[in-house]
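**Q** Based on the sequences and whatever the hints tell you, model everything.
First to last, the protein sequences are chains A and B.
Residue numbering for the first sequence follows the working numbering, beginning at 1 and increasing consecutively.
Residue numbering for the second sequence follows the working numbering, beginning at 231 and increasing consecutively.
These are calculated hints, taken from the structure and not from any lab test.
Predicted model, so just to flag it, every value in this text is computed and none were measured.
Incorrect hints may appear among the rest.
[Claimed, not checked] Restricting the straight-line Cα-Cα distance to at most 27 angstroms, the calculated cross-link-like pairs of lysine-lysine (DSSO-like) are:
hint, chain 1, residue 1, chain 2, residue 2
1, A, 113, B, 322
2, A, 215, A, 195
3, B, 355, B, 289
4, A, 215, A, 113
5, A, 113, B, 355
6, B, 352, B, 322
[Claimed, not checked] Which chain A residues stay away from chain B? Per the calculated CB distances, all over 12 angstroms, these:
hint, residue
7, 52
8, 63
9, 166
10, 201
[Said to hold, decoys possible] Listed next, with one range per pair, are the computed distances between beta-carbon atoms:
hint, chain 1, residue 1, chain 2, residue 2, range
11, A, 203, B, 345, 29 to 35 angstroms
12, A, 215, B, 368, 33 to 39 angstroms
13, A, 181, B, 285, 20 to 26 angstroms
14, A, 122, B, 347, 35 to 41 angstroms
15, A, 113, B, 368, 28 to 34 angstroms
16, B, 366, A, 120, 23 to 29 angstroms
17, A, 189, B, 311, 34 to 40 angstroms
18, B, 364, A, 203, 42 to 48 angstroms
19, B, 306, A, 125, 27 to 33 angstroms
20, B, 357, A, 57, 24 to 30 angstroms
21, A, 183, B, 347, 23 to 29 angstroms
22, B, 312, A, 59, 36 to 42 angstroms
23, A, 168, B, 307, 50 to 56 angstroms
Ideal Cβ placement from N, Cα and C applies to all residues, glycine included.
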Amino acid sequence: MFTDRLKTILRGSSAGGTSAPSATLPRPAAGSGIVTGPAYTRHSNGLDQFFTSLRGQAGLNILDFAGASQANVSFITNLGHRLSSEDYLRSLEITFGDEHFYENQDDPLQAEKFLHDNLNFPEGHFDGALVWDALQFLSPPLLQATVERLHTILRPGSNLLAFFHADEKAAQVPLYNYRISDEKTLLLTPRGSRKRAQFFNNRGLEKLFHEQTVKFFLTRDSLREIIVRR
Amino acid sequence: MWNRKKDEELPPRPAPVQPAPVQQPKEGIPMSTSPNRSFEPPSQVTSGSATIGKAVMVKGQIYSREDLVIDGEVEGTVDVQEHRLTVGPNGKVVAGIKAREIVVLGAIQGNVEAADKIDIRKDAKLVGDIKAARIVIEDGAYFKGSIDIVRAEPVKQQPISQKAPQPPAPLAASASDKR
Chain A
1 MFTDRLKTIL RGSSAGGTSA PSATLPRPAA GSGIVTGPAY TRHSNGLDQF FTSLRGQAGL
61 NILDFAGASQ ANVSFITNLG HRLSSEDYLR SLEITFGDEH FYENQDDPLQ AEKFLHDNLN
121 FPEGHFDGAL VWDALQFLSP PLLQATVERL HTILRPGSNL LAFFHADEKA AQVPLYNYRI
181 SDEKTLLLTP RGSRKRAQFF NNRGLEKLFH EQTVKFFLTR DSLREIIVRR
Chain B
231 MWNRKKDEEL PPRPAPVQPA PVQQPKEGIP MSTSPNRSFE PPSQVTSGSA TIGKAVMVKG
291 QIYSREDLVI DGEVEGTVDV QEHRLTVGPN GKVVAGIKAR EIVVLGAIQG NVEAADKIDI
351 RKDAKLVGDI KAARIVIEDG AYFKGSIDIV RAEPVKQQPI SQKAPQPPAP LAASASDKR
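**A** Right, here's the structure in full:
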């Protein structure tokens, strides 16, 4: 059933974002001229909101797309929660390769395998998801399927934190490792740059998440933070 | 009895020649095929432990009552409940693992339980769910799965009149070498 749904989605169109033409995956950092800076910390209202919603609870299941790091593991487990961790971007690279990164994502079989390998959890399993900026690097059909899968595996009432680059004209956007310093602060470590699959404005993001409650947070840098309430 | 006196009259035997000093046997059952094996950095070598060398492949259940180093391939289950398991840089383990402490430098696919600590080093790869009291992940390690920190419950005071602890059972390590 899911396969049929996925195939339908893959045949369909994007969710209101501005789709970028398919392009080969740029190699990280080398020569991009974007991401070579040192790690830096930034205040995150989205993160603050996310953890505020978890306050007073323990034993929750949190999904983290940033890949395992001591900072995130310690922070979340010290709050008494369980953490499911995986480096979503790295999994994308492993599954779809460098050469035809976005084209390969449009292959229903590969896309289905990717979702099966990486988001195969029971319905309502998670009480929160930190997807960071990973959704920007999914081609429209796979993005739709991923959002639907996230919707399924998140418990109703739970929150999802996502980042989107707000600079519409940027040919490539920087990639970071997101490390949680505290409830309101992130340490961002550059890990290269990449052409995103599509650009989203606020309206596009609301459409992407099917008009669920989406909260936008203004930031000084060009990273748009959103909290989506399931 | 009739021979006893004769025995007593025998001149004392010369003192037996002392055998050449023998190296103290290492604890455990060595399974390594590469005696000079060493990990980088050398401080990670666990002395006094059973070792599955990098050219060894094991399929089945491993149960060890001493520290164990796996630098080869293992498929099945690994039970080192009260000891330390080290998966060396060449180690590839597809197994459920239980140990007191687990150090990962190689690759593990399977669920792991560490009563104390799991230490995932740089370049290590672990795909599976972790249950541990403490976890250390170096940058550069790859992990995919869930992490459940199990807080150790405070040990209850034992009454003094209780039975003395049992002496440790003889060393046991079993593995079926299918090389």
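**Q** Run through the hints listed earlier and report the numbers of any the structure violates, in increasing order.
**A** 4, 8, 11, 13, 14, 22
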